[in-house]
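Enquirer: Using the sequences and the hints, build the whole thing.
From first to last, the protein sequence lines stand for chains A and B.
With the first letter of the first sequence counted as 1, position 272 gets the number 268 in my numbering; the numbers rise by one all the way through.
With the first letter of the second sequence counted as 1, position 337 gets the number 333 in my numbering; the numbers rise by one all the way through.
Check the hints yourself; a few may be wrong.
Any copy, or any two copies together, can satisfy a pair, since identical chains are not distinguished.
[Said to hold, decoys possible] Straight-line distance between alpha carbons at most 20 Å, and here's what the computed SDA-like set of lysine to any residue pairs gives: (1) Lys18 <-> Asn285; (2) Lys41 <-> Pro134; (3) Lys49 <-> Asp19; (4) Lys4 <-> Gly96; (5) Lys141 <-> Asp171; (6) Lys18 <-> Cys59; (7) Lys4 <-> Pro99.
Derived from the structure by calculation, the hints contain no laboratory data.
2 protein chains.
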Amino acid sequence: MSKFFSLKFDRLIPYVPGEQPKDMSRFIKLNTNESPFSPSPKAQKYAAEAIEKTMLYSDPECCKLRAALADRYGVGAENVICGNGSDDILNFAFSAFCDGKTPAVFADITYGFYKVFAEYNRVPYRIIPLKDDFTIDPADYYNAKGTVFIANPNAPTGIALSVEEIEKIIQNNPDNIVVIDEAYVDFGARSCVPLTKKYGNLIVTQTFSKSRSLAGARLGFAIANKELITDLNTVRNSTNPYNVNSVTQAAGIGSLEDQEYTNENCKKIIETRQKTEEELKKLGFVLTNSYANFIFASHPGKSGEAIYKELKEKGVLIRHFDAPRIKDYNRITVGTDGQMKALIDDLRCIL
Amino acid sequence: MSKFFSLKFDRLIPYVPGEQPKDMSRFIKLNTNESPFSPSPKAQKYAAEAIEKTMLYSDPECCKLRAALADRYGVGAENVICGNGSDDILNFAFSAFCDGKTPAVFADITYGFYKVFAEYNRVPYRIIPLKDDFTIDPADYYNAKGTVFIANPNAPTGIALSVEEIEKIIQNNPDNIVVIDEAYVDFGARSCVPLTKKYGNLIVTQTFSKSRSLAGARLGFAIANKELITDLNTVRNSTNPYNVNSVTQAAGIGSLEDQEYTNENCKKIIETRQKTEEELKKLGFVLTNSYANFIFASHPGKSGEAIYKELKEKGVLIRHFDAPRIKDYNRITVGTDGQMKALIDDLRCIL
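Expert: Next comes the structure, spelled out in structure tokens:
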């Protein structure tokens, strides 16, 4: 830290992304929930075509992409905002809808960035513990007296609330905004997007990083009523109106046109998740009921950290968190069948 | 605005980007200082190759790109941070180095986003008027009692300070940070990057949007001493560690390897600027001494707004600002010789 760094940030601890090993070819990488499948053919084709025109600014309004998203999700283009990943939009939401009078409200075990966004935006936050089984009690979020952030399915547990449970949370917060972060929704959970037409206090965020195989392109979006989108755009246009580059906008449109490709990939991930879960249970692992493209697993016979370290030595990267409640667990991204077989073989060897 | 939008932003007026006409083919577009030349061949090639791997996250540390920038600019990789455009990094600087005790300090006529960044980050700002001839008096910035932001060359005037003048500003602000925004430096002005080795209170930002023909790819960077880069990274990693996508990182590396291509394009822009300036003077225009890829011009016989509107009717887009001191001027991007000939022909017709 330099002597010039503003003291307002003296408590700020930045987010730590999952390891990105320099020599990736040495590893089976199951630590950042990336897709094992390439971006869709049209995503690649449209992106490649967009490159030669990158001397021109990207469309700051992302008109074509927003129209394609609106079409896909059955909403109006005015109900959509695009971002440089959904992190971008989540940060806007912490900025726009939280302040000294309106804290952020989120679970103790959830996407680790929420706490960082709150600290960075210098807004108070109230943490609601998950139940002992890592599930959320919806009633804990009724009359939240703040802006609610819920990852659904939750990370790193993979556990999902039903749309009905979330609707009750929304109904019981008429004076608060509820943000549902659906980064992992395409792997078996149900989306709350249809509820955005019914409730003016709901924002749903999604990303192209997981099910759409575009983590490296950085594309996320939110769907909400027009007024909330306007507020998010006020923040966006006050920081970086050109936040989504033109190649990524093109890739996003291509991905949406190749919807069947994404559906097929999600189906494969779900099948592989189920097969891997069975194998892990045979090895004695305790698992949460994951609806995401990852598995959250602990083993009564070996610490989470030891499993993480020994797998890394064998060339398999998974993600370990050292937070007290989950230190015995590891988050394992669901890759291809072949990758998961290698994982199981290595685990069998370790245990 | 929704009823949920934080009152802390009740005075916030977002930045307004230059018009992006939906039917661009109808216009000669000289309003957003884009390059008329395509991205370099290697930039295009490397970007195209990167697309198929975008299912993986981009390198959050931008290691290869930062190494290439460090090599190009004769600094260490630890002295470089990359951003989603230089706007991204300027926003980080307003956030990291300004607060209630440390205002932002900038000119009345300069890049319009500075004021928005200050308002968004809710930091006070002190505005220093340019002299009557639109030049900066360096002494006005001595002992600034705040973080200084100077665009050099300045926008929208194109006027540049010398490195010696900026060095005096740096020397006379030992307790303040000086940010030099060199978005337009490659078109004839001299860069202050070498001074970053000598002074721990200097940050230089640059962009790939202008001279490097990559506006639509969104890539900017800053060079400074290691401690200041660490502070900027703390902000970056608290908002969006994956702020630069992998296709853009690849394009940036390609552009740096094709340095001769950029040099040639800059030479062409400078020559076209000079020729266009001569033609404009013949038509009676009053010009500033621009070192940028744009010309700042007023005409004693016709208002700036009328010229802007009549050119638009003829299919030529330039940028008009309605701020009182510069409302008689227009900012005209330097395009190809052919585009500028069309501009001059239309102006001859209008006047």
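Enquirer: Indicate, hint by hint, whether the structure satisfies it.
Expert: Cross-check of the supplied hints:
1. Taking identical chains as interchangeable, the C-alpha atoms of Lys18 and Asn285 are never at most 20 Å apart, the minima being 33 Å within one chain and 47 Å between chains.
2. In the homo-oligomer, the alpha carbons of Lys41 and Pro134 never lie at most 20 Å apart, since the shortest distance is 43 Å inside one protomer and 51 Å across protomers.
3. In this assembly of identical chains, Lys49 and Asp19 lie within 20 Å of each other by CA distance solely across copies; the values are 15 Å between and 32 Å within a copy.
4. For the identical chains of this complex, Lys4 and Gly96 are neighbours both inside a copy (14 Å) and across copies (9 Å), given an alpha-carbon limit of 20 Å.
5. Only within a single protomer do Lys141 and Asp171 lie at most 20 Å apart by alpha-carbon distance; the minimum there is 8 Å, versus 42 Å between protomers.
6. For a Cα distance limit of 20 Å, the shortest separation of Lys18 from Cys59 across copies, 9 Å, qualifies, whereas the shortest one inside one copy, 37 Å, does not.
7. When the C-alpha separation of Lys4 and Pro99 is checked against a cutoff of 20 Å, the pair qualifies both within a copy, at 17 Å, and between copies, at 14 Å.
The structure fails to meet hints 1, 2 from the earlier list, while all remaining hints are met.
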